[in-house]
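Participant: Chain order of the listed sequences is A and B. Using our numbering, the first residue of the first sequence is number 23, and each one after it goes up by one. Using our numbering, the first residue of the second sequence is number 992, and each one after it goes up by one.
Derived by calculation from the structure, the hints in this document are not laboratory data. Remember, it's a predicted structure, so these values are computed and weren't measured experimentally. Even glycine gets a Cβ: it sits at the ideal position worked out from N, Cα and C. Treat the hints with care, since some could be wrong.
Dumping the calculated SDA-like pairs for lysine to any residue here, alpha-carbon to alpha-carbon at most 25 Å [unchecked claim]:
#	chain 1	residue 1	chain 2	residue 2
1	A	LYS87	A	GLY101
2	B	LYS1422	A	VAL179
3	A	LYS187	B	LEU1405
Ranges between beta-carbon positions, derived for each pair [as the list claims (entries may be wrong)]:
#	chain 1	residue 1	chain 2	residue 2	range
4	A	ASN209	B	PRO1439	30 to 40 Å
5	B	PRO1027	A	PRO46	15 to 25 Å
6	B	GLY1473	A	GLY126	43 to 53 Å
7	B	PRO1430	A	PHE208	26 to 36 Å
8	A	ARG77	B	ILE1046	32 to 42 Å
9	A	VAL179	B	PRO1430	31 to 41 Å
10	A	ARG77	B	GLY1264	56 to 66 Å
11	A	ASP320	B	THR1440	48 to 58 Å
12	A	ALA47	B	LEU1050	42 to 52 Å
13	B	PRO1430	A	PHE33	39 to 49 Å
14	B	ALA1198	A	GLY211	36 to 46 Å
15	B	ALA1433	A	ILE470	48 to 58 Å
16	A	VAL475	B	LYS1289	40 to 50 Å
Some chain A residues well away from chain B (every beta-carbon gap over 10 Å; in silico) [as the list claims (entries may be wrong)]:
#	residue
17	PHE25
18	THR59
19	TYR72
20	LYS389
21	ARG452
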Amino acid sequence: MTFPFLSVITFTPITAGTLLFFFPAERKDWIRRFALTAASLDLLLSLIVYFSYDRVAAGYQFVEKVSWIPRLGISYYVGVDGISAPLVLLTGIVIFTGVLISWGLDDRPREFFAFLFILASGVFGVFCSLDLFALFFFYELAVFPMFLLISIWGWQVTREYAAMKLTLYLFIGSVVALVGGLAMYFNAGLNSFDLLELERAGFSIAFQRFWFPFVFFGFAVLGGIFPFHNWSPDGHVAAPTAVSMFHAGVLMKLGAFAALRVGIMLLPEGAKFWSPLILILATVNVVYGAFIAMVQTDFKYVIGFSSVSHMGLVMLGFATLNRDGLTGAGLQMFSHGVMTALFFAVVGMVYDRAHTRDIPKLGGFAKAMPLVAFAFIIGGLVSMGMPGFSGFIAEFPIFMGLWQKQPIVALVAVISIVITAAYIMRVIGRVFFGVMPAEFEGHIGDVILQDKVALVMLSGILVLVGVYPAIMAPMVQTGANAVLRLLGGG
Amino acid sequence: MSFTEFRPETLLAVLPEIALFLLAGLVLGLDLIWRPSRRGALGWVSAIGVGLILIATGLFSRPGAEPQLVLGGMVRHDWTAFAFRTLILFATGVSCLLSIRLAGIGDRGEYFALMLVSAMGMSLMASAADLIMLYLAIETTSIPLYVLAGFLKGDDKSAESGLKYFLFGALTSTVMLYGFSLLYGMTGETQIYRLADALRAAHPAPASLIAVALLVLVGFGFKVAAVPFHFWTPDVYEGAPTPITAFVSTASKAAGFAVLFRVMTLAFPSIEGFWAPALAGIAAATMTLGNLLAIPQKNIKRLLAYSSISHAGYALIGLVALSSLGRGSMLFYLLAYIVTNLAAFAVVILFAHSAGTEQIADYAGLSRRSPGLALALLVAFLSLAGMPPLAGFVAKFYVFAAAVESGLLWLAFLGVLNAIVGLYYYLTVLKVVYLYRSPEEAKPIVVPTAQAVALAACVGAILLVGIASGPWLDWGVLAAQGLF
Chain A
23 MTFPFLSVIT FTPITAGTLL FFFPAERKDW IRRFALTAAS LDLLLSLIVY
73 FSYDRVAAGY QFVEKVSWIP RLGISYYVGV DGISAPLVLL TGIVIFTGVL
123 ISWGLDDRPR EFFAFLFILA SGVFGVFCSL DLFALFFFYE LAVFPMFLLI
173 SIWGWQVTRE YAAMKLTLYL FIGSVVALVG GLAMYFNAGL NSFDLLELER
223 AGFSIAFQRF WFPFVFFGFA VLGGIFPFHN WSPDGHVAAP TAVSMFHAGV
273 LMKLGAFAAL RVGIMLLPEG AKFWSPLILI LATVNVVYGA FIAMVQTDFK
323 YVIGFSSVSH MGLVMLGFAT LNRDGLTGAG LQMFSHGVMT ALFFAVVGMV
373 YDRAHTRDIP KLGGFAKAMP LVAFAFIIGG LVSMGMPGFS GFIAEFPIFM
423 GLWQKQPIVA LVAVISIVIT AAYIMRVIGR VFFGVMPAEF EGHIGDVILQ
473 DKVALVMLSG ILVLVGVYPA IMAPMVQTGA NAVLRLLGGG
Chain B
992 MSFTEFRPET LLAVLPEIAL FLLAGLVLGL DLIWRPSRRG ALGWVSAIGV
1042 GLILIATGLF SRPGAEPQLV LGGMVRHDWT AFAFRTLILF ATGVSCLLSI
1092 RLAGIGDRGE YFALMLVSAM GMSLMASAAD LIMLYLAIET TSIPLYVLAG
1142 FLKGDDKSAE SGLKYFLFGA LTSTVMLYGF SLLYGMTGET QIYRLADALR
1192 AAHPAPASLI AVALLVLVGF GFKVAAVPFH FWTPDVYEGA PTPITAFVST
1242 ASKAAGFAVL FRVMTLAFPS IEGFWAPALA GIAAATMTLG NLLAIPQKNI
1292 KRLLAYSSIS HAGYALIGLV ALSSLGRGSM LFYLLAYIVT NLAAFAVVIL
1342 FAHSAGTEQI ADYAGLSRRS PGLALALLVA FLSLAGMPPL AGFVAKFYVF
1392 AAAVESGLLW LAFLGVLNAI VGLYYYLTVL KVVYLYRSPE EAKPIVVPTA
1442 QAVALAACVG AILLVGIASG PWLDWGVLAA QGLF
């Protein structure tokens, strides 16, 4: 019996969250320290899993399987492969930095961390699940804490609207996918929800083509695919900082990941049939998202739409259905997760001090908080896909894959890089440089130690993956190879 | 199928009914001899008594491997009846606990006695195998409930509730009785297990048989509050004392499902092709209408009334799937729904006990006023909405799975769309609880022991059934097979 790494990772947050409810509400220090301890444990374990994953052997590792609902062939079955292992690490990173960033939160931190941790358990669970029922179980587990987190601790102006919109969008997507999942289960007739067995079920081509859109787009709603992306900028903006980080950084990957795992991997013929549509929609995501980001004056909306744009690249990578594209998409999920967590952390820090996110009203913040500016610039360079940063490592293969598949789409999508550069530069110039408005002069203090640790960690990872891609790219490639085998190639 | 001759042991088949009757007598007797100040303990006597009956039923009244028709074919001793009885007894015990110390009902012996007699009727509904027995059981259930709904004599709404419930109940039960009489006229038979054969032998015109099935469905539809026989629900739920609302929405609904399940499946297999689609249509309408009408509600009891209508629709999906998984999932759904709904009503009762209001808007600030109670409401409502890791999630998963398995894709899709509507209004309430502030926040909420026990039991059950659902699904599937 080996140590059940993945189960401990998955259930540590929800256990900690439950225990938090027994803390006296007024001992906020205890609550924060306890939350940080639990998050550190998760980060540590996910690092161990990531670095001890055997890349040569590839395939699913750290596998645990326990029968759960035997009558329907449901098991609690977990394991990670080359695509999900980085995502588990990403979740560990974001939950850890998210707790650090929320140190100053004063309104009911007990409930805040408890709900955040329940959310984290759901996310870990989805990334690790090798059973379709378990995947849905954890997926839905992640939905409702989001509603409470945004509606209670979010931005007063839009939080009720945004929280409800986001929850309903995600729930609609997931239940539609659920019906598709049930259809697969009964069509396969294997009396098993085991994803690896369902991969070999040999669904007819007509069946795959019929059900693929339900499953893929059902999940892709959470990945922010056009035209179902609408919940995401509103949700990001309304959410409190740590939740935005979690949300854009991890939750959107949840949708993309599930769309890949259940949609593309179980219904490969459907994926081939529908990939042109995904290509078109994702291109709209990439280009349109970037354009919208360009015209926003609200700092947080800029980042919100940049997420829509960047998640489009992930979907584009999926739609290529070739090795380069899939590898790039896997890397992009990690890279964008860290990058956008960094962005939202910075936005939160600026807003906490300036009490406005209106870009024209800001300026000169680099002087008051140099580290924050520095971190944001690194994030910006990643976002533009600069060589030497993780964004390049991720986007370059996506465009390569795209070129092999459909050069015209590649050309159109590449436009987004230019626009991204434009809006990122504009934000950097307006917010961090230039003249600080008189009303802020002398009132803007630097960030606290916990914030600094989080920023250094996030930007450090972006650079590390950028200058030393071998730390991640080969691993993701093994995951992409597994997908290709199901697609009948490689 | 053979009748067992009367032996003293056969009385064990009706052990819960006998015990409930004796308990009701005991409560009435104690009510006479106890001083008024001690009568507050009558609720405890009833609740603990029901708990003991539940245990005794599990120990001594388990059906054997072969189902038996006992007492002249009036009662069938099988696992289906046993499962429904367990649900009914659990709901009765919790409803008794919830009534303790409440003004106007908590110290009234006749209140608890009526509840126990009604539970006895429900228990018989679950096991009745003869139309005459069935009708008597339904009336034994209903008449005490009419009285209980109108129990708060000083309260106009309660009086209205009792009268409305009575009028609706009396009307639908006569229609149903007419259906029974036609069945007897066609076949000369009242024994449910011989009806199907007798009908086959008599081979009446399908149209007339369908008409009879519809008449019978009216009565059952009323009991489970399915559209279009649901009109009584919101007013009755709102006006009745809240523990009675909880009782009607759980135990009585379960008993209704027991007869619906038994009679439709056994008496009308020859027109299954008609009643199953008809019930599927009713399930669709029940879910949709219940959910849509719940959205604008301002009173939490009315909201739960419409929500309970919609849940009857989900449970019906399991029945119309006409499969082993479907029938089992229906039982599982009822189990999950009963523990969840009782928890929700427990919170409503506790809140009204301290704050004196049932308006949703007044729940503002509850999460600061009583974090524990708010959390219990969160668990109950999310379970009703179908969120993991709670009982409601797996329950919905199973009924939708049953629908997909039987090719009822449209019903599965309609079901999941309804789940979204449901989520919307449950979240609206939770938003009030967690987000809004209220000047009343500093006033504490008193949680008496009895209600705390009931609430803890239900919340524990919601989590247990939701996380370790495998054994409960097996229980449902095996119990449902006991019908045949």
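Participant: Given the hint of 32 to 42 Å, check if A/ARG77 and B/ILE1046 actually sit that far apart at their C-beta atoms.
Facilitator: Because 58 Å falls outside the window, the suggested range is violated.
Participant: Is 40 to 50 Å a correct range for the gap between the Cβ atoms of A/VAL475 and B/LYS1289?
Facilitator: Distance hint for A/VAL475, B/LYS1289 holds at roughly 48 Å.
Participant: Could you see if the CB distance from A/ARG77 to B/GLY1264 stays within 56 to 66 Å?
Facilitator: Roughly 58 Å apart at Cβ, these two residues keep to the hinted range, so it holds.
Participant: Is A/LYS389 truly not at the interface, in the sense that its beta carbon sits beyond 10 Å from all beta carbons of chain B?
Facilitator: At about 38 Å from chain B, A/LYS389 clears the 10 Å cut-off, so the statement holds.
Participant: In this structure, is the beta-carbon distance linking B/PRO1027 and A/PRO46 contained in 15 to 25 Å?
Facilitator: Violated - the Cβ-Cβ distance for B/PRO1027 and A/PRO46, about 41 Å, lies outside 15 to 25 Å.
Participant: Is 36 to 46 Å respected by the C-beta to C-beta distance linking B/ALA1198 and A/GLY211?
Facilitator: Cβ of B/ALA1198 to Cβ of A/GLY211: about 38 Å, so the range 36 to 46 Å holds.
Participant: Given the hint of 31 to 41 Å, check if A/VAL179 and B/PRO1430 actually sit that far apart at their C-beta atoms.
Facilitator: Given about 23 Å between the Cβ atoms, the range is violated.
Participant: Against the 25 Å threshold, does the CA-CA distance of A/LYS87 and A/GLY101 hold or violate the hint?
Facilitator: holds (9 Å)
Participant: Between B/ALA1433 and A/ILE470, does the C-beta distance stay in 48 to 58 Å?
Facilitator: violated (32 Å)
Participant: Mind checking the hinted window 43 to 53 Å against the Cβ distance between B/GLY1473 and A/GLY126?
Facilitator: violated (60 Å)
Participant: Assess, step by step, whether the Cα of B/LYS1422 is no farther than 25 Å from the Cα of A/VAL179, and give holds or violated.
Facilitator: Satisfied, since the Cα-Cα distance of roughly 15 Å is no more than 25 Å.
Participant: Does the claim that A/THR59 lies off the interface hold, with its Cβ farther than 10 Å from every Cβ of chain B?
Facilitator: holds (22 Å)
Going down the numbered hints, you'll see the structure goes against 4, 5, 6, 7, 8, 9, 15, while the others check out.
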